[in-house]
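S.K.: Residues per chain, in single letters:
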Amino acid sequence: MTDIPYQLPGIPSAAYSDILGRIAIPVIAVVAAFLVGLVAVMAMGVPLDRAVSAFINGAFGSAYSISASLNRSISLALVGIGFVIAARAGLTNVGGEGQIAMGGVFATALCLAPGIAELPFGLSFIIPLVGGAIAGGVWGAIAGFLKVRAGANEVITTLLLSFIAIWLLYWSVQSENLLRQPMTSSATLPESLSIPASTQVPLLTGSYTSPVTWGLPLTIVIAIAAAIILSRSVFGFNLKAIGFNPVAAARAGIAVGAGVVTALFVAGALGGLAGALMLQGEQYSLKAGFSSNYGFDGLVVGLLARNSITGVIAGAVLFGFMRSGGISMEMMASVPSALVGIIQGLIVVSIAGAAYFLDRRSAR
Amino acid sequence: MSQGTAVQDVPTPAEKTEPQPLLALSGVGKRFGEFSALSDIDIAFNAHEGHCLLGENGAGKSTLCNLVFGIHQPTSGDMRLDGALYAPANPRDAMRHGVAMVHQHFSLINELPVIDNLLIGKKFGRLNRKAEAEKIMTLATEFGLGLAPFEIVGDLSVGQRQRIEIVKCLMQRPRLLILDEPTAVLLPEEINSLLDVCRRVAESGCAVAMVTHKLAEIARVADRVTVLRGGRAVAHSADPSNDMDVLVRAMISREGEAGDNRNFGVSALPPRKLAPHRGPLPEAMQIDNLSFVDEIGVKRLDSVTLTIAEGEIVGVAGVEGNGQSELGSILAGLSHATSGRWFAAGHELTTAKPRQITAAGVGVIPEDRHLVASIGQLSLADNLQLGRMQGFARYGLIDRKRQREEARTLMQRFDVRAPDSQSAFSTLSGGNQQKAVLARELTTSNLRFLLAAHPTRGLDIGAIEAVYTYIRQAADQETGVLLISSELDELLAVADRIVVFYRGRIIGERAAKIDNRDDIGSLMSGKTP
Numbered sequence: 001m002t003d004i005p006y007q008l009p010g011i012p013s014a015a016y017s018d019i020l021g022r023i024a025i026p027v028i029a030v031v032a033a034f035l036v037g038l039v040a041v042m043a044m045g046v047p048l049d050r051a052v053s054a055f056i057n058g059a060f061g062s063a064y065s066i067s068a069s070l071n072r073s074i075s076l077a078l079v080g081i082g083f084v085i086a087a088r089a090g091l092t093n094v095g096g097e098g099q100i101a102m103g104g105v106f107a108t109a110l111c112l113a114p115g116i117a118e119l120p121f122g123l124s125f126i127i128p129l130v131g132g133a134i135a136g137g138v139w140g141a142i143a144g145f146l147k148v149r150a151g152a153n154e155v156i157t158t159l160l161l162s163f164i165a166i167w168l169l170y171w172s173v174q175s176e177n178l179l180r181q182p183m184t185s186s187a188t189l190p191e192s193l194s195i196p197a198s199t200q201v202p203l204l205t206g207s208y209t210s211p212v213t214w215g216l217p218l219t220i221v222i223a224i225a226a227a228i229i230l231s232r233s234v235f236g237f238n239l240k241a242i243g244f245n246p247v248a249a250a251r252a253g254i255a256v257g258a259g260v261v262t263a264l265f266v267a268g269a270l271g272g273l274a275g276a277l278m279l280q281g282e283q284y285s286l287k288a289g290f291s292s293n294y295g296f297d298g299l300v301v302g303l304l305a306r307n308s309i310t311g312v313i314a315g316a317v318l319f320g321f322m323r324s325g326g327i328s329m330e331m332m333a334s335v336p337s338a339l340v341g342i343i344q345g346l347i348v349v350s351i352a353g354a355a356y357f358l359d360r361r362s363a364r
Numbered sequence: 001m002s003q004g005t006a007v008q009d010v011p012t013p014a015e016k017t018e019p020q021p022l023l024a025l026s027g028v029g030k031r032f033g034e035f036s037a038l039s040d041i042d043i044a045f046n047a048h049e050g051h052c053l054l055g056e057n058g059a060g061k062s063t064l065c066n067l068v069f070g071i072h073q074p075t076s077g078d079m080r081l082d083g084a085l086y087a088p089a090n091p092r093d094a095m096r097h098g099v100a101m102v103h104q105h106f107s108l109i110n111e112l113p114v115i116d117n118l119l120i121g122k123k124f125g126r127l128n129r130k131a132e133a134e135k136i137m138t139l140a141t142e143f144g145l146g147l148a149p150f151e152i153v154g155d156l157s158v159g160q161r162q163r164i165e166i167v168k169c170l171m172q173r174p175r176l177l178i179l180d181e182p183t184a185v186l187l188p189e190e191i192n193s194l195l196d197v198c199r200r201v202a203e204s205g206c207a208v209a210m211v212t213h214k215l216a217e218i219a220r221v222a223d224r225v226t227v228l229r230g231g232r233a234v235a236h237s238a239d240p241s242n243d244m245d246v247l248v249r250a251m252i253s254r255e256g257e258a259g260d261n262r263n264f265g266v267s268a269l270p271p272r273k274l275a276p277h278r279g280p281l282p283e284a285m286q287i288d289n290l291s292f293v294d295e296i297g298v299k300r301l302d303s304v305t306l307t308i309a310e311g312e313i314v315g316v317a318g319v320e321g322n323g324q325s326e327l328g329s330i331l332a333g334l335s336h337a338t339s340g341r342w343f344a345a346g347h348e349l350t351t352a353k354p355r356q357i358t359a360a361g362v363g364v365i366p367e368d369r370h371l372v373a374s375i376g377q378l379s380l381a382d383n384l385q386l387g388r389m390q391g392f393a394r395y396g397l398i399d400r401k402r403q404r405e406e407a408r409t410l411m412q413r414f415d416v417r418a419p420d421s422q423s424a425f426s427t428l429s430g431g432n433q434q435k436a437v438l439a440r441e442l443t444t445s446n447l448r449f450l451l452a453a454h455p456t457r458g459l460d461i462g463a464i465e466a467v468y469t470y471i472r473q474a475a476d477q478e479t480g481v482l483l484i485s486s487e488l489d490e491l492l493a494v495a496d497r498i499v500v501f502y503r504g505r506i507i508g509e510r511a512a513k514i515d516n517r518d519d520i521g522s523l524m525s526g527k528t529p
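Read top to bottom, the protein sequences are chains A and B.
Position one of the first sequence corresponds to residue 1 (the working numbering), numbered consecutively onward.
Position one of the second sequence corresponds to residue 1 (the working numbering), numbered consecutively onward.
Just so you know, these hints were derived from the structure itself, not from any lab.
There's no promise every hint is true.
Computed spacing ranges between beta-carbons, pair by pair [claimed, not checked]:
{"no.": "1", "chain 1": "B", "residue 1": "ARG394", "chain 2": "A", "residue 2": "VAL39", "range": "53 to 63 Å"}
{"no.": "2", "chain 1": "A", "residue 1": "PHE296", "chain 2": "B", "residue 2": "LEU127", "range": "32 to 42 Å"}
{"no.": "3", "chain 1": "A", "residue 1": "ALA338", "chain 2": "B", "residue 2": "PRO419", "range": "49 to 59 Å"}
{"no.": "4", "chain 1": "B", "residue 1": "ARG92", "chain 2": "A", "residue 2": "TRP214", "range": "31 to 41 Å"}
{"no.": "5", "chain 1": "B", "residue 1": "ILE109", "chain 2": "A", "residue 2": "PHE296", "range": "41 to 51 Å"}
{"no.": "6", "chain 1": "B", "residue 1": "GLU348", "chain 2": "A", "residue 2": "GLY353", "range": "23 to 33 Å"}
{"no.": "7", "chain 1": "B", "residue 1": "SER339", "chain 2": "A", "residue 2": "ALA258", "range": "37 to 47 Å"}
{"no.": "8", "chain 1": "B", "residue 1": "GLY154", "chain 2": "A", "residue 2": "PHE357", "range": "48 to 58 Å"}
{"no.": "9", "chain 1": "A", "residue 1": "ALA338", "chain 2": "B", "residue 2": "ASP78", "range": "26 to 36 Å"}
{"no.": "10", "chain 1": "B", "residue 1": "GLY83", "chain 2": "A", "residue 2": "GLY353", "range": "50 to 60 Å"}
{"no.": "11", "chain 1": "A", "residue 1": "ARG50", "chain 2": "B", "residue 2": "ALA87", "range": "18 to 28 Å"}
Dumping the calculated DMTMM-like pairs for lysine to aspartate or glutamate here, alpha-carbon to alpha-carbon at most 25 Å [claimed, not checked]:
{"no.": "12", "chain 1": "B", "residue 1": "LYS168", "chain 2": "B", "residue 2": "GLU151"}
{"no.": "13", "chain 1": "A", "residue 1": "LYS240", "chain 2": "B", "residue 2": "ASP42"}
{"no.": "14", "chain 1": "B", "residue 1": "LYS168", "chain 2": "B", "residue 2": "GLU134"}
{"no.": "15", "chain 1": "A", "residue 1": "LYS240", "chain 2": "B", "residue 2": "GLU151"}
{"no.": "16", "chain 1": "A", "residue 1": "LYS147", "chain 2": "B", "residue 2": "ASP116"}
{"no.": "17", "chain 1": "A", "residue 1": "LYS240", "chain 2": "A", "residue 2": "ASP49"}
{"no.": "18", "chain 1": "A", "residue 1": "LYS240", "chain 2": "B", "residue 2": "GLU134"}
{"no.": "19", "chain 1": "B", "residue 1": "LYS299", "chain 2": "B", "residue 2": "GLU310"}
{"no.": "20", "chain 1": "A", "residue 1": "LYS147", "chain 2": "B", "residue 2": "GLU111"}
{"no.": "21", "chain 1": "A", "residue 1": "LYS240", "chain 2": "B", "residue 2": "ASP399"}
{"no.": "22", "chain 1": "A", "residue 1": "LYS240", "chain 2": "B", "residue 2": "GLU111"}
{"no.": "23", "chain 1": "B", "residue 1": "LYS168", "chain 2": "B", "residue 2": "ASP239"}
{"no.": "24", "chain 1": "A", "residue 1": "LYS147", "chain 2": "B", "residue 2": "ASP294"}
The model shown is predicted, which means the values in this text are computed figures rather than measured ones.
C-beta atoms are modelled at their ideal positions from N, C-alpha and C, and glycine is treated no differently.
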């Protein structure tokens, strides 16, 4: 008989819904992590003001840097939203990196495919975006299918599928039969041709001095839609039921297998979309190292958000701006950008640790 | 079944001198927010004595245990252990004071052998399993607990696993041993040996506190009984076997037939009115030559054939482990038969998924309420509508207001008591949880067949009566019912006919009449006339 249950693990607890858990703790964690970062900068003998001004300039010193930071945040947010959706069904999608890669490969192929660039009504850039999303989605769905059919753990399959995707991308930019640009000399780089201008995602402002793309409003719409779907839709409810207790969900008539595959498809599709946006809105050509860790950083954003879409947005913005600041700090003040990784790590550890203690306290 | 004999074997309680209480609670209360789980409890637990806590679901028995074991802290009153103030901050603290508890749900590592489970966290440095095993065996044998220290826990029966938990407690030489509904999970034959163990532990000088709602067990172990109702101690008895009637009256506000307390929940039901004979009835469900071989190759079901007519209640009797669970699991769509077929409401469902089974008009009350029938973390309303949210959707979005209204209607109709339709399902008492599951399954659209597997397990008398009332109402509306239960008296009172399972086969069938009781009992032990 269960009069009063123990605190069940894995549920967003009451403590997290109060102001302290939601706002104060993350803010304190971020500030503290930055202070540690400053100490590290001083220890390296770099003048503090130079490092800080380089960081600030790179993150939000100009319209250009703000735009670049926002573009980075978009990728992180999309992967993070996907992570949260899969997590609702009790799934841990660690395959963001590979899903981005697949999105990038297929978006490149579509952008360069004959006839696409001439399509009207913006279809020239929309079709590659959709294609990239589907490619990432299929990559995620494979892991879902393996889980449903063979019981394979999705943490392992999504991770291993990532490696496959990353090497597929590498192969596709190494082989002229695939996406590599025609070899005119031995100095031709192993990367794809630049995609035609009509397949690039248009800039919000239309000017390259603030190159934030239409990916930003698209991501905001996706975030709102995801929040509504998770909290109010039948699909979101079914995912939650599957995540808590798949046996009971199945018995009650919820299609558990389809739910698992769909959740991972959606997570993968958002990763693929991130990849397509990175290609069509920022890099314009595909090269090895294309996904540059956005998949894993997006995963961290999703983990930190603890199942909240708002949390994903906050985390993505923070990490996106930090990434820009870090790059600039490395260039302007010769502080290794790895320092940003350290600060990110500290934030993760302190927020996760604080959440743990809050949960324990509320369990009492 | 075996409870009937248990009542007769009342041992004469040992000579009692008024002992010094080991643990005394005075004025203890516990509130969870607005909800008062316990108020003003005065109880004394004495060394050398077995003390039963009796009460319906939700009476506060488990909460009381949790306070003594330090899982929760009382919000008022105090506890004194050997005269000194006792306020355990957590279970570890309680254990340091010599208080040990056997929970309903075990905390064992199935992959490890028994001995490792017993030694986890207790040993540092070199581990001499053999020497430790000998020590533990001596202790276990002292209390009549048979143990095989090198068996893997996962291979053991529930009763054997419970013994490990008890030995784990006894290894700390506790002064007070708490058992939270220890018999709820046991087979009838295991119950007796558990009760013997409890007696021996008490005789060794320990205080034993046991939560139960089975009256027959009290006579065997209890020197004292405290009855809880609605979070208050409503009766004490120091001579329970003579005060049984008083205790029953205290436990439930209504009273059953004098002298027959065992199956009060079903004896309160009116006799079943059979519909006037209308010639052969159409069948609600048909099982045709069904067999099931499990993954290790054991034949769990062997050519079972059974037909249930509309409006008929067929009981499945049998000692547990004779194929009833496997049959239930197949009819629920959670596993598939190895050979044979089954049909319900005119559809073949042999390879159907749970979703298709529900859609065909089959309601299922699974054996495991927590793992299969409900999702504790979701709200009551969500559990009432589990799998049917589509019905409340507009453009894929759930109309929460309509869903809540519908949930409230169901709560009223099936008397599911909860503060609110949004209460977390896991906070409801077992009886209310089961009524909610019933509410969902009995309102399956086009319901033609209902599978009810142990629908009253762990429930109090009032809830048992409610559950069977609803099941009968369904049968009165032409639903065929397959009722699997290990309580023969319940089957006799509720079913129309009873089939007996033995080693995966139906070895006999009898009308559900009290005169057939002995006959069915001998069929259950495998004796065919």
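S.K.: To test your reading of the hints: which numbers does this structure violate?
M.R.: Numbers 4, 5, 6, 7, 8, 9, 10, 11, 13, 15, 16, 17, 18, 19, 22 and 23 - these are the hints that the structure violates, sorted from lowest upward.
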